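Student: Chain by chain, the residues run as shown.
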Amino acid sequence: MALGDALSYRNAPLVALDPRTSGLVLILVNVICLTAGFDFGAMCARIIVTALVTALLAAEKRWHWVMIVAVGTGLSLVIEAFGFQLISGPVSLLIAMCANLAARFLPIVGLGTYVLTTTTISAFMAALRRIRVPMLITIPFAVVLRMIPTVANESSAIAESMRSRGLRLGSAPARDLLEYRLVPLIFRTVDLGDELAAAALIRGLSVDQERTSTSRLGFHVSDFVVLLIAVAATVLWVVL
Amino acid sequence: MDGPTATPLTPDTEPMSASIHLDSVGFRYEHAQDAALVEVSLDVAPGEVVLVCGGSGSGKTTLLRVVNGLAPQFYPGELTGQVSVAGTDPTVTELPQLARLIATVFQDPKAAFFTTDVASELAFGPENLGLPQDIIGSRVTRGLERFNLAGLRDRSTVALSGGEQQRLACAVAQAMAPSVLVLDEPSSSLDELSLASLAQTLEDWKAQGKTIIMAEHQLDYVVPVADRIVVMQNGRIVASLSSDDFSHLDDERRHVWGLRSSAAAVTSGAPHVTSQTSQSTSLVADKVLIKRGDHSFALSLDHAEFPAGAITAVVGPNGVGKTTLARWLAGLLRSSSGSLAYQGHGLSRRQRLRQVNLVAQNVNHQLFTESVRHEVELSAMIARRGKTSAIDVDDILARCDLLDLADRHPMTLSGGQRQRLAIAAGLASMRPIIILDEPTSGLDWTHMNQVAECLSQVRDTGRTVIVITHDRELVAAVADDVIRLTNS
Numbered sequence: 021m022a023l024g025d026a027l028s029y030r031n032a033p034l035v036a037l038d039p040r041t042s043g044l045v046l047i048l049v050n051v052i053c054l055t056a057g058f059d060f061g062a063m064c065a066r067i068i069v070t071a072l073v074t075a076l077l078a079a080e081k082r083w084h085w086v087m088i089v090a091v092g093t094g095l096s097l098v099i100e101a102f103g104f105q106l107i108s109g110p111v112s113l114l115i116a117m118c119a120n121l122a123a124r125f126l127p128i129v130g131l132g133t134y135v136l137t138t139t140t141i142s143a144f145m146a147a148l149r150r151i152r153v154p155m156l157i158t159i160p161f162a163v164v165l166r167m168i169p170t171v172a173n174e175s176s177a178i179a180e181s182m183r184s185r186g187l188r189l190g191s192a193p194a195r196d197l198l199e200y201r202l203v204p205l206i207f208r209t210v211d212l213g214d215e216l217a218a219a220a221l222i223r224g225l226s227v228d229q230e231r232t233s234t235s236r237l238g239f240h241v242s243d244f245v246v247l248l249i250a251v252a253a254t255v256l257w258v259v260l
Numbered sequence: 003m004d005g006p007t008a009t010p011l012t013p014d015t016e017p018m019s020a021s022i023h024l025d026s027v028g029f030r031y032e033h034a035q036d037a038a039l040v041e042v043s044l045d046v047a048p049g050e051v052v053l054v055c056g057g058s059g060s061g062k063t064t065l066l067r068v069v070n071g072l073a074p075q076f077y078p079g080e081l082t083g084q085v086s087v088a089g090t091d092p093t094v095t096e097l098p099q100l101a102r103l104i105a106t107v108f109q110d111p112k113a114a115f116f117t118t119d120v121a122s123e124l125a126f127g128p129e130n131l132g133l134p135q136d137i138i139g140s141r142v143t144r145g146l147e148r149f150n151l152a153g154l155r156d157r158s159t160v161a162l163s164g165g166e167q168q169r170l171a172c173a174v175a176q177a178m179a180p181s182v183l184v185l186d187e188p189s190s191s192l193d194e195l196s197l198a199s200l201a202q203t204l205e206d207w208k209a210q211g212k213t214i215i216m217a218e219h220q221l222d223y224v225v226p227v228a229d230r231i232v233v234m235q236n237g238r239i240v241a242s243l244s245s246d247d248f249s250h251l252d253d254e255r256r257h258v259w260g261l262r263s264s265a266a267a268v269t270s271g272a273p274h275v276t277s278q279t280s281q282s283t284s285l286v287a288d289k290v291l292i293k294r295g296d297h298s299f300a301l302s303l304d305h306a307e308f309p310a311g312a313i314t315a316v317v318g319p320n321g322v323g324k325t326t327l328a329r330w331l332a333g334l335l336r337s338s339s340g341s342l343a344y345q346g347h348g349l350s351r352r353q354r355l356r357q358v359n360l361v362a363q364n365v366n367h368q369l370f371t372e373s374v375r376h377e378v379e380l381s382a383m384i385a386r387r388g389k390t391s392a393i394d395v396d397d398i399l400a401r402c403d404l405l406d407l408a409d410r411h412p413m414t415l416s417g418g419q420r421q422r423l424a425i426a427a428g429l430a431s432m433r434p435i436i437i438l439d440e441p442t443s444g445l446d447w448t449h450m451n452q453v454a455e456c457l458s459q460v461r462d463t464g465r466t467v468i469v470i471t472h473d474r475e476l477v478a479a480v481a482d483d484v485i486r487l488t489n490s
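So the protein lines, in turn, are chains E and P.
Sequential numbering of the first sequence, starting at 21, is according to my numbering.
Sequential numbering of the second sequence, starting at 3, is according to my numbering.
Honestly, the hints are just simulated from the structure, not real lab data.
Relax, there's no trap hidden among the hints.
Lysine to any residue pairs mimicking SDA-like chemistry, simulated, CA-CA at most 20 angstroms apart:
| no. | chain 1 | residue 1 | chain 2 | residue 2 |
| --- | --- | --- | --- | --- |
| 1 | P | Lys-208 | P | Leu-243 |
| 2 | P | Lys-112 | E | Val-210 |
| 3 | P | Lys-112 | E | Pro-160 |
| 4 | P | Lys-112 | E | Ile-206 |
| 5 | E | Lys-81 | P | Ser-298 |
| 6 | P | Lys-112 | E | Gly-213 |
| 7 | P | Lys-293 | E | His-84 |
| 8 | P | Lys-293 | E | Trp-83 |
| 9 | P | Lys-112 | E | Met-167 |
| 10 | P | Lys-112 | E | Ser-176 |
| 11 | P | Lys-112 | E | Ala-217 |
| 12 | E | Lys-81 | P | Arg-294 |
| 13 | P | Lys-112 | E | Arg-166 |
As the structure is a prediction and not an experimental result, all values here were calculated from the model.
Bound conformation, chain E alone:
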């Protein structure tokens, strides 16, 4: 239950970014986190990006994510920056590798969670339409976005049933456990996807029909601030 709820849209976010802003910031943060190195400019950029993601998550009161991103990434960056000089040996190498991965991926996962839980499907569809993406592409993406929390919920319900029946490592072969976990999930996902598609079609969703959009898209102060910070981080990284 918890996983799907944690990934689904939450009631009226405090800072609702335009999906186009979210998209652009996601790209910038991904590029910075995945490719930036250890020099002064890169480190500045990574710290700024981590702070940005932490602030966005804090605005949504997702405190456990705030802790994970702020403390996790912060520690990892410190280990990355100074670790090599202080200690050596295979263990410290392993620690440094883990720190490297954590510092790169935690901000991305944190931002992904933020975007997933604050973007409504309507706003997402309206935004893609505004940048002239055809419905043929928009609809499948919207369906995927809509199904992510559903599939996560189904998956945890199946995991709970397995726990309840005493199916765990040691009581059955790992191969069987994997099968028990996946086969019902696939059946359920196909069924639920079918139901969703049928319901959407008879409510007039179509690739050929011109759609109205009532979603209030638009750039607000928060969009400019967030974009400014993300662009500033990128510029620092490139220039310094």
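Model the placement of chain P on the given structure of chain E, informed by the hints.
Tutor: Just chain P now, kept in the frame of chain E:
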């Protein structure tokens, strides 16, 4: 003095009500052996409310799918005969076109919601039709007010209660301004309060002259609204009665058609006497407090006893914490306070995981293997690891009336059969306590009875059985004891 007198013509006028004609319609799903509909002829006049009832697999849902165009346009198959709805042929008219005439309320509302928040969901259909923004805006506002959803405008659709989801599903249908409404078992998993609100919505639609065709298992709330009741069996219409005639049917007649008993019969049926097994052997829960993420209480229960060798029903309105209680009893909730004792010994959360078998609401999450027999053997295998010997799988299959189905794949079984299979697996686990969460929701009379029979077989093995249910007929049929949870 001359103010503007002429009222501007609103382009948002709802279309006239429309009729439904089916002329000897047959339908067979692709890859299916048997026809789902055989020679079905049905005329629904404009503004008429027709209730379609019948046992599971009688063809109710397929009939509705032919009316709203999903069969054969979404669910492929072979259709014969003539269909006409609101002047068009739904079997060939494109679905987006039909969306202007026909709206559908589905059995599981949350699976049908396309967007993530209440207001967007109301706007979604009209947006698809390409209606002007101001009209969509007014429909959304009207829908929020009429269905008492105004306070939930920005709420996430997954955060709604069952009753709220059902109201939203009705508001969504109405926002399409249809002339024909199709409802497929809209009352599944609603408590009595929500049922009353659904009945009121049907009354309102009827007063507006909408043509309504709906399928239902729970009949009592809808029979007074219906103009006509049509009974289906094996894909055929076997009876067509006025609302009055239907209310005077005796329950024997209803049961032959696979229909549930009338409410009057259920309430007059005397509840079983509390069994006389010694209280010391019962399962006792004390001071149970479980919090939600937002610190409100999901469940607060001071004291409850469940006698051993008996069936205890737990009833109460939606949202009172019945499912939470089941998960707590089964040891699936980590953070909670309260104690549970079985036969005088306290059960820790870990011990409960081994002693309590939970048959959850959605059995599709708990059937894992390729055959009925394997499913039961899987539980037996785990029980044997705990040094429990001599588990007679055939005996268990027989108790749940599954011997003939032993080689079938669980996913090919009907809902009632899957439910019985989950119970059989629970028996094979050799755990002394079995909990079932809504085991008969959506089941017709025949399947409900088979589950009830299976439950009394479980009771005969001496187990402590706890059934969480809205189903008054099931309670009347098997419960030895009833615990009512209230919101106080």
